[in-house]
Every structure is written in structure tokens, then in C-alpha cells.
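Q: The sequence shown runs 4 to 367 under the working numbering.
Watch out, some of these pointers could steer you wrong.
[Said to hold, decoys possible] Heads up, simulated DSSO-like pairs for lysine-lysine below, C-alpha to C-alpha not over 27 Å straight-line:
1) K250 - K121
2) K111 - K332
3) K227 - K250
4) K73 - K111
[To be verified] Restraint-style ranges between C-beta atoms, simulated for each label pair:
5) N46 - R157: 34 to 42 Å
6) G358 - P280: 29 to 37 Å
7) A126 - Q179: 18 to 26 Å
8) N302 - R157: 50 to 58 Å
9) P210 - K329: 42 to 50 Å
10) D296 - Y357: 40 to 48 Å
11) S361 - I308: 54 to 62 Å
12) V272 - D246: 24 to 32 Å
13) A231 - A107: 41 to 49 Å
Keep in mind the hints are simulated off the structure, nothing from the lab.
Given the structure is predicted, the values throughout are model-derived calculations rather than measurements.
For every residue, glycine included, the Cβ atom is placed at its ideal position computed from N, Cα and C.
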Amino acid sequence: MALAVGLVAGLRPGASTPGAQAATGCRIYVASGDNVTNGDAMNDNANRYPEKLLADRIKAPGWCLYNQGKNGQTSSSYISGGGLSSAYNMRPDFLTLQLAEQNATIVKLITGCFDKVKDHDFAGASACGSQILGNSSLWTDLRNNYTTILSYTRIMASQRPALVIAVPNYPNPYPQSLDVVDEIALLCVPLIDTAPTCTVRWAQLPPALLVLDQVFQKMNTTLKESLAPFQAGPNGSRWVYADVYPKFKGHCMTMKVTIKTTVTHPPPVGVHQHDSPEVNFGCSPTWFVEGNDGTAIPNYLDPPIAGVLTNKSQTTKGMGVYPNDKGHKCIADVIWEADTIEPGTTPLKWKLGYGEASNTNVCQ
């Protein structure tokens, strides 16, 4: 109750902010969100998707953008920390909401689970994903928070009937499980003496990727289901679900892996150096910012077929979870062309007053 009272107090119809005052005469686009909206890891504000929407699609002048994305912002902290009040008081004509991936425990999908994949602990990654997927309270909390947030967008819409609200979902940065099978042999067979142990470990990668993908799908489904009640009624087409997820398939993170081994055999065989080539389990081109290398010792290679494994190392390059400039452009294009619930193909841009022809062939 205290939260509700405090929130209502902050949502004052007539209240203004310095930004809103500066925007007199503008139609206002407010982008609320987390690390993705804020362009985390990209260090290029001009290429974040809200800015790309403004520059390439909405095309100012006539519009003013307020990107309120914050790293670490959750659907809960957006409500309690002033984000929702701020968005309300900006009196937007267009509002995007992307708030889920940083929620408590769900965030492990791109932190703890991610680290396990980078370190080749694929069973651990599967367990990590399964714990998130099976925790029903996480999805209930997310749905309840979105219900609260979207309820206030109804109040906004009652005061600004032309308001359009878009809820973009999240891309899965990981490779698809079926896309990594052939790469396992390319990585492991050249290791000769440790090829069997390598294969046993890497055979665990496809199931892990399948579980992680299921978590992303669960998160996105929860967002879609939360939005559905607000799409009912005569003005429901102004609440729009932007399905980013399928457009990123084939443009996942980079995941270039190299393994090096030294095996000492009894005389007269001697010392053998067996190294794998660099094998990319990820995508090229990628639409994700490449991160730091993984260099965890591949202890899973012991024991070799024969001899003693005296040296072992691995390098995993390029893994990252946040979209790059190409990824942000795709998100912007998906939002712009997102189909509303009206019959036929009726893209979001029409609701904003842009009569250009619909284009479903974006993100190519």
C-alpha cells in the first residue's frame, strides 16, 4: 500500500520535468528500460535503438527523445525507484518498455549461466538455466510488475489518446543448440589423445543451449501474456508487442574456441603437441558486442587415451550478451514495423501517423 500511495503521489497529471519543459512543441518519445535500452557495452549512445528510431525512422525535428534506460534497472526498481513516475510526468506520445532481463535471478541467464558456458561447464549452465526456468515466483513477479506498469500507461493514454506503448522482448545471445553439433568434432578430433574426453564434455553444450533458450522464451512469453489484457478494447491496438527474438537467430554471440594440449608418452613415442583449430560455435556476423576472453583450465580433458597430459589450455573469444550497433538497429526496425492487433498487417508506425508501406523484411 505504501508503494502504491507513493507512486500515485509521484504521478501528478500536470506535473512537468525540466526535460518536458524543454520539449515544448515536441512530440515526446520516452524509452524506459535496462542495460539493452541503455546500450550497455557499446559505448555509442547514438546507435542505441531509441536513438536509431529517432534518427532513422521517426526522424526529428518534431520529436524529442528521452532515453531513460539504466544499467541494472529491473521491472520492480522501475516502479519503486522513480522510473515510472518520471515516464508519466514526461507526458509521452510514444513509450517503449523493456524491463525483465535484469530482474533478480533472471539476470543469471546472462551472468552466472553465461560464465559457465564460457568456462565450458555445460552441465552447470544447464542446471543454472533450469533453476531459473522452474522458479515460478520469478515469472509471477515479472507479470505482476508489468501489470502495474501497464496499468499506469492506461492512465497516461486516458490523458493522451494518441499514446502508443511498445513492449519489445529480448534476443537470445547464445547459439541455437542444433547449430553447434558439427563444430564439436572440428574442435575435439584434432586433439587426438584427449579427443574422447573433449567430445564427452562438449556433447553437453547443445542441451545447455536448449535450456537457456527455453528461459529466454519463457521471459518473452511472460511479457507477451502480461501485455495481452491491455490490448483488449477499442484502443487496445495502441499497446504493441515487438517480437525481437526471432530476428536475432543466426546473429548470436561470437564463441571462438581454441584448445591446446601437450601429452607426454613413454619412450620411444615422446612428447606430442595436439592443438585444435579455432572453431566458432557462435555466429558470424554477430549482432552482439564481443566480450573478454575465457581462459579457464580445461581439466575435463584428463585422462588422455595414453600418456600424461602435461599441459592444457583453452581460449574462448568474443562471447557477449548485449547487442551491438547492428543489433540495436534491428531492434529499432522491429519496433517500427511491429504488427498491432488490428486485422491484417497494421504496423506500429501507422499508429504514430506515418503512412509509409509496411515492411516485414527488416533485420536482414
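Q: Now tell me, hint by hint, if it's right for this structure.
A: Right, here's what the structure says about each hint:
For the given pair, K250 sits about 24 Å from K121 by alpha-carbon distance, which is consistent with the 27 Å threshold. About 26 Å separates the Cα atoms of K111 and K332, which keeps this hinted pair within 27 Å; it holds. Pair hint K227 plus K250 holds up; C-alpha atoms about 17 Å apart against a cutoff of 27 Å. A hinted pair counts as satisfied when its Cα atoms are at most 27 Å apart, and K73 with K111 qualifies at roughly 18 Å.
A C-beta distance of roughly 37 Å is found between N46 and R157, which places it inside the suggested range of 34 to 42 Å. The given range of 29 to 37 Å is broken by G358 and P280, whose C-beta atoms sit roughly 53 Å from each other. Checked against the given bound of 18 to 26 Å, the beta carbons of A126 and Q179, roughly 19 Å apart, stay inside it. Between N302 and R157, the C-beta spacing of about 55 Å keeps the proposed range 50 to 58 Å intact.
Between P210 and K329, the C-beta spacing of about 29 Å breaks the proposed range 42 to 50 Å. A hinted range of 40 to 48 Å for the beta carbons of D296 and Y357 is consistent with their spacing of about 44 Å. Taking the beta carbon of each, S361 and I308 are about 59 Å apart, inside 54 to 62 Å as hinted. Range check, V272 to D246: Cβ separation about 57 Å, and the 24 to 32 Å hint is violated.
In this structure the supplied range 41 to 49 Å is violated for A231 paired with A107, their Cβ-Cβ distance being about 24 Å.
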